[in-house]
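**Q** The primary structure of each chain is shown beneath.
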Amino acid sequence: MECADDLFGGIVMCEERYRGEGYEEGFAEGKHIGETEGKQYGAMYGARAGSELGCYLGFASTWRLLLLPTTDEKQRKKIKILDSLIKMIQSFPTEDPTNEKLQDDLSRVRGKVKQVCSILNVQPDFSVTYEASGLSF
Amino acid sequence: MSWVRAAAAELQPPGEDEVFDEEADDMKLLQNDWKNNMEKRLKEGYADGVEAGKEQALQTGFNVGYKEGVTLLLPCGELRGTLSALVTWCEVHDADPATCARLGELLSSVTQCEDNLVKSLSSIHRITQPSDISSALEDMDLTSCTKPSSEGACNGGQDCLLNQESHSTSFSRCQTVQQLSNVMKHELDLILRDTIALVQENNMSADLFSYLQMLKTKYCFRAADHV
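Protein chains in written order, with UniProt numbering: chain X, 1 to 137; chain B, 1 to 227.
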């Protein structure tokens, strides 16, 4: 152990060495904590996004199939707007939380869903409460 | 801190005991001082390291968790949306009240399933504090779940499929996302089966029937076995 050989230089060296050793140990631990913590938050946010988008997709797809092809102008308008909502959801960057357009796209989808509900004249209850997750959305 | 002890021991040459007590005391004081100092450095380094490591891994972890959460919840969401559509369609078209009520029940089953799923997902990823361990052990009910490996209670789904447990129990027993997914697939399969039966009874639409079948194939556990 060189710090015992040369006390003066050793003290400085040792301080750095201990600091470095502590840092390395801490870094590994911190990485583990960060990963777990990030995963936890990510999973909750992802769950919420997946549930919401899935719900809109299922809603739109099902209504689309319930509306029979027709020459009626009103009905055709409904089909058209449902088709556009479905397309919008399918092109959504669902699996990429780092996508910058995520929030904008989500707002657009939500807006479209409101439009769809109004044109279909229905008020579905899409709300879910994830009380247990400890996160309020 | 074995480091500190080893270094301190080396600083004390043999025969140290033979010098005057006064000097020995001084030496001891110095050693203690030095030891404290090194411990302080170690702790400082540790704290800085934890911060840096955390910062580096947080986003990566978030991305991984996010994908997991999206993939896991998408099927539940889609079925919930489907049932919401059927319920609202029935309302608009003044359908048979019994059918409406049944669809409403199925909708609450999906919502319940989703709620349990999120609850369990959140506890799977919960950061374990030392104080949590005992309660976590109780929660996980490890005493009755003695299989130590990843072949846990829900793996493969078979155990859960056979057990007539309530949904929330099956979910709360899961220790991995894969297990959660298996329990969920089973739940969704049951709900979809009832939904398909209702749609057929009411002659709703052939396309809708195919869509529901498609969901079953896409999302459900061992879908082929049930067809």
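Hint data in this document are derived by calculation from the structure and do not stem from the laboratory. Just so you know, not all the hints are guaranteed correct.
Unchecked claim - Derived BS3-like pairs: lysine-lysine, alpha-carbon spacing no greater than 27 Å straight-line:
{"no.": "1", "chain 1": "X", "residue 1": "112", "chain 2": "X", "residue 2": "78"}
{"no.": "2", "chain 1": "X", "residue 1": "87", "chain 2": "B", "residue 2": "185"}
{"no.": "3", "chain 1": "B", "residue 1": "119", "chain 2": "B", "residue 2": "43"}
{"no.": "4", "chain 1": "X", "residue 1": "112", "chain 2": "X", "residue 2": "80"}
{"no.": "5", "chain 1": "B", "residue 1": "28", "chain 2": "B", "residue 2": "43"}
{"no.": "6", "chain 1": "X", "residue 1": "87", "chain 2": "B", "residue 2": "28"}
{"no.": "7", "chain 1": "X", "residue 1": "114", "chain 2": "X", "residue 2": "80"}
{"no.": "8", "chain 1": "B", "residue 1": "67", "chain 2": "B", "residue 2": "119"}
{"no.": "9", "chain 1": "B", "residue 1": "119", "chain 2": "B", "residue 2": "218"}
{"no.": "10", "chain 1": "X", "residue 1": "80", "chain 2": "B", "residue 2": "218"}
{"no.": "11", "chain 1": "X", "residue 1": "77", "chain 2": "X", "residue 2": "114"}
{"no.": "12", "chain 1": "X", "residue 1": "114", "chain 2": "X", "residue 2": "78"}
{"no.": "13", "chain 1": "B", "residue 1": "67", "chain 2": "X", "residue 2": "87"}
{"no.": "14", "chain 1": "X", "residue 1": "112", "chain 2": "X", "residue 2": "74"}
{"no.": "15", "chain 1": "B", "residue 1": "218", "chain 2": "B", "residue 2": "185"}
{"no.": "16", "chain 1": "X", "residue 1": "101", "chain 2": "X", "residue 2": "87"}
{"no.": "17", "chain 1": "X", "residue 1": "112", "chain 2": "B", "residue 2": "67"}
{"no.": "18", "chain 1": "B", "residue 1": "67", "chain 2": "X", "residue 2": "101"}
{"no.": "19", "chain 1": "X", "residue 1": "74", "chain 2": "X", "residue 2": "101"}
{"no.": "20", "chain 1": "B", "residue 1": "40", "chain 2": "B", "residue 2": "28"}
{"no.": "21", "chain 1": "B", "residue 1": "43", "chain 2": "X", "residue 2": "112"}
Bear in mind the structure is a predicted one, so any value in this text is a computation, not a measurement.
**Q** Looking back at the hints listed earlier, which ones does the structure fail to meet?
**A** Violated hints: 3, 6, 19, 21; rest satisfied.
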